[in-house]
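**Student:** Residues per chain, in single letters:
2 protein chains.
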Amino acid sequence: MRNFLITITYDGSCFHGWQIQKNALTVQEVFQDALFKVISERPDIKACSRTDSGVHANMFCLSMKTEHKIPPERLKGALNRFLPQSVAVLDCKEVPLDFHARYDCKGKRYVYKIWNNPVRNPFLRDYALHYRWKIDEELLNKSAQDFVGKHDFTSFCTDDGREMDNMERTITHFSVKRDGDMVMMTVEADGFLYNMVRIMVGTLLKIQQGKIPADGIPDLFAQKSRNHKGITAPPQGLYLQQVNY
Amino acid sequence: MRNFLITITYDGSCFHGWQIQKNALTVQEVFQDALFKVISERPDIKACSRTDSGVHANMFCLSMKTEHKIPPERLKGALNRFLPQSVAVLDCKEVPLDFHARYDCKGKRYVYKIWNNPVRNPFLRDYALHYRWKIDEELLNKSAQDFVGKHDFTSFCTDDGREMDNMERTITHFSVKRDGDMVMMTVEADGFLYNMVRIMVGTLLKIQQGKIPADGIPDLFAQKSRNHKGITAPPQGLYLQQVNY
Numbered sequence: 001m002r003n004f005l006i007t008i009t010y011d012g013s014c015f016h017g018w019q020i021q022k023n024a025l026t027v028q029e030v031f032q033d034a035l036f037k038v039i040s041e042r043p044d045i046k047a048c049s050r051t052d053s054g055v056h057a058n059m060f061c062l063s064m065k066t067e068h069k070i071p072p073e074r075l076k077g078a079l080n081r082f083l084p085q086s087v088a089v090l091d092c093k094e095v096p097l098d099f100h101a102r103y104d105c106k107g108k109r110y111v112y113k114i115w116n117n118p119v120r121n122p123f124l125r126d127y128a129l130h131y132r133w134k135i136d137e138e139l140l141n142k143s144a145q146d147f148v149g150k151h152d153f154t155s156f157c158t159d160d161g162r163e164m165d166n167m168e169r170t171i172t173h174f175s176v177k178r179d180g181d182m183v184m185m186t187v188e189a190d191g192f193l194y195n196m197v198r199i200m201v202g203t204l205l206k207i208q209q210g211k212i213p214a215d216g217i218p219d220l221f222a223q224k225s226r227n228h229k230g231i232t233a234p235p236q237g238l239y240l241q242q243v244n245y
Numbered sequence: 001m002r003n004f005l006i007t008i009t010y011d012g013s014c015f016h017g018w019q020i021q022k023n024a025l026t027v028q029e030v031f032q033d034a035l036f037k038v039i040s041e042r043p044d045i046k047a048c049s050r051t052d053s054g055v056h057a058n059m060f061c062l063s064m065k066t067e068h069k070i071p072p073e074r075l076k077g078a079l080n081r082f083l084p085q086s087v088a089v090l091d092c093k094e095v096p097l098d099f100h101a102r103y104d105c106k107g108k109r110y111v112y113k114i115w116n117n118p119v120r121n122p123f124l125r126d127y128a129l130h131y132r133w134k135i136d137e138e139l140l141n142k143s144a145q146d147f148v149g150k151h152d153f154t155s156f157c158t159d160d161g162r163e164m165d166n167m168e169r170t171i172t173h174f175s176v177k178r179d180g181d182m183v184m185m186t187v188e189a190d191g192f193l194y195n196m197v198r199i200m201v202g203t204l205l206k207i208q209q210g211k212i213p214a215d216g217i218p219d220l221f222a223q224k225s226r227n228h229k230g231i232t233a234p235p236q237g238l239y240l241q242q243v244n245y
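If you read the protein sequences in the order shown, they are chains A and B. Numbering of the first sequence is given in full-length UniProt numbering, commencing with residue 1 and proceeding in unit increments. Numbering of the second sequence is given in full-length UniProt numbering, commencing with residue 1 and proceeding in unit increments.
Hints are computed from structural coordinates only; laboratory data are not their basis. Quantities reported herein were computed from a predicted structural model and do not represent experimental measurements. A portion of the hints provided could be inaccurate.
As the list makes no split between identical chains, a pair holds if one copy fits it or if it spans any two.
Listed next, the in silico DSS-like pairs over lysine-lysine satisfying Cα-Cα at most 30 Å (straight line) [unchecked claim]:
#1 K150 x K93
#2 K177 x K113
#3 K93 x K134
#4 K113 x K150
#5 K46 x K142
Build out the structure end to end from the sequences listed, making use of the hints.
**Tutor:** So, in structure tokens, the structure goes:
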């Protein structure tokens, strides 16, 4: 038996997220179909995480076991031939048999992109949030530092029906930077709860609008409530940027 | 009567080019439809040029005459509300009555983008040419300087059925530069013949492949023949970048 770690990238606007589902095209489905064409097997696939419909991945990792003898470089090339243009395999390598793409993940980095100009950018309609009004990136960067550290993120996630016994996560980095008309929010943590990045981004935009005070994040942590309707930023700005093992 | 100069940008992957045609969606059609919703008129529209199916515009200019009294800023806002997300109006202003978006154009700049990596970029499938093999941008930049100056471009255009009495154009700038895995070819001229940029880009790629010698461009000019089958680079890498008046 061999274990492979495969790194892919995909344009989330073409898919209803990573995880396979009935009646909707997902990245997992097209990946498994391409894999079947190469190795004539449908091994169980362990993914580093799930992504929502419309969320992108510059880097997404998965592991899978097979007895097939294909060399990693040939597997990479063959998968890229059978995958649609909206997905690409960046790397394939053999890893120890006990490696698991989710359990062995030490941390991840997400980027959220905001096109900050009164006029929309036609090229970014599926690749960034369009926000017409002024964003003070220095103000938001300062507020965002209150997210950094170990916290119970109950106030900053959506109930997805999964039982969670531990709502604590540790954010190691949160920055808000501007490059021309593009505002980029970058978050690194040991793990993320459901919708956590999009709710933190939405919270910062509410701070920008004066609907939440600039120093209001500690209060929201203390509330431990999911009473944040309408605060989740839309998916098209979000990119899974890096996965650390 | 008033004359408007309107600057737009559009994602060409959503359209069969600029110019209106039966049975295919074009930028001109969606623009005229949005305009009709705003001013209840269908004025004759003069465009700076035509773009082919799949070709993008970061800047595209048109002029049109109307007796409507709408202020330019309101026209811009209203058009942006009615246009699809794949088109945006960047600027609207009043110009002298004798201004014509095509005849008064002094020059244009195009950019051609090439994703130069063995693995495709899923985000650029409609926004750059994917070229897997090594590109020596310094070699190509040197060869490209033979395009600069006043030449008869018969060898570097496609016959589109229009009578052309003058095949001379003056290229004022041609550069080939690399930014990481992206190679950008930038061309400025007083005017362009049909497919001229895409054929020049295709010629440079043939030089990269050794199928045309690095100093072969003057010979091609001298041939004055359109015997260049398969040399036209595909549309998705091409952007109309700037229009000068």
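**Student:** Decide, hint by hint, whether the structure agrees.
**Tutor:** Structure-based check of all given hints:
In the homo-oligomer, the alpha carbons of K150 and K93 never lie at most 30 Å apart, since the shortest distance is 33 Å inside one protomer and 53 Å across protomers. With identical chains, the CA atoms of K177 and K113 are at most 30 Å apart both within one copy (10 Å) and between copies (26 Å). Within a single copy, K93 and K134 get their C-alpha atoms only as close as 45 Å, which misses the 30 Å cut-off; across copies the closest is 24 Å, which meets it. In the homo-oligomer, the alpha carbons of K113 and K150 lie at most 30 Å apart inside one protomer (25 Å), although the nearest pairing across protomers, at 44 Å, exceeds that limit.
In this assembly of identical chains, the alpha carbons of K46 and K142 never lie at most 30 Å apart, being 37 Å within a copy and 49 Å across copies at closest.
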